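*Asks:* The listed protein sequences correspond, in order, to chains A and B. For the first sequence, the working numbering assigns the number 137 to the last residue and increments by one with no breaks. For the second sequence, the working numbering assigns the number 141 to the last residue and increments by one with no breaks.
These are calculated hints, taken from the structure and not from any lab test. Just so you know, these numbers come straight off a predicted model, no measurement behind them. There may be inaccurate statements among the hints.
Stated by the list, open to error - Derived coverage of chain B by chain A (criterion: at least 3 residues anywhere in the stretch with Cβ under 8 Å from a Cβ of chain A; other residues may be distant):
#: 1; region: 54-68
#: 2; region: 99-113
#: 3; region: 130-138
To be verified - A few chain A residues that don't get close to chain B, going by computed Cβ distances all over 12 Å:
#: 4; residue: Thr-57
#: 5; residue: Asp-65
#: 6; residue: Ser-76
#: 7; residue: Leu-77
Claimed, not checked - So the derived list for chain B, only partly shown, Cβ under 10 Å to chain A, looks like this:
#: 8; residue: Ala-35
#: 9; residue: Asp-36
#: 10; residue: Ala-44
#: 11; residue: Glu-47
#: 12; residue: Ala-48
#: 13; residue: Ala-49
#: 14; residue: Thr-50
#: 15; residue: Lys-78
#: 16; residue: Val-96
No residue lacks a Cβ here, since even glycine has one placed at the ideal position from N, Cα and C.
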Amino acid sequence: MSSTEVWPPPAGCDDARRCILVVEDELLIRFMLSDGLRDEGYHVIEACNADEALTILETAVPDLLISDVRMPGSLDGLELLKVVRETLAGLPVILISGHLDPATAIGDGATQFIAKPYLIETVVRAVTNVLDQAE
Amino acid sequence: MTSTSPDDPIPSVLIVDADIISRHAIADYLRHCSYAVVEAATIEEAFVALQEPKLSIDVILCDVSGEGSKSGFELASWVRANRPDLEVKLAGGTEMAAETAAELCESGPHLRRPYDPAAVIDYITRLRASRRA
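Same shape as in the complex, but just chain A:
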């Protein structure tokens, strides 16, 4: 958030910036990914697992959800995707995994799939494409 913007913002994802919910259980990856997206001007909410993501989705509807697939907790990324498709069908979802077959991710409803390891530039490009297509 720029220091010239008003704080506190409207609750949830209602400020002027595009809002991205990042779900990743590995702290360093979550930090690097979120920080890279903030540098691009996005409002990023960080969740360490699917349960936290669902808590946020009860309060706000982001413009995009980015989720790892293999995560501890009650749901993994594919199960989170299934819940999102049942409750927020139009929400774009980018799945990230080092193990999953891209066809499986897309077949299960992901908007886009990114394989690990990845460059932050790859994610930024994918985010731009997905958000542009969602408009």
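Using the hints, position chain B against chain A.
*Replies:* Then chain B, alone, in the frame of chain A:
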């Protein structure tokens, strides 16, 4: 924390809070005060952050009511023994964490306290109130 000049590296705060709503709100507030912020949901994640050379943490703001197998007090004890250069601020709940964040803003990179901590509490309250049943 002492004042900084524009050439100094951005001070970094590690916020440890198991409640994503208050963690996100307070982290956003600190970012607005020009801090770099690392968010940890558990004490275990905090230890990962502290042992990661790429993350240069200056201050830890920890909710001592956090979940996980280790407590905030254990974290503070570890820091005193292993990283005495770090400042640890323990907060017993959201209001104290918001007040501590406001104090950090006042003494931080821009030497200002732009918003009353009540604004942080109000923001968190609005977020919680907007949760769908």
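*Asks:* Need the list of violated hint numbers for this structure, in ascending order.
*Replies:* 2, 4, 15, 16
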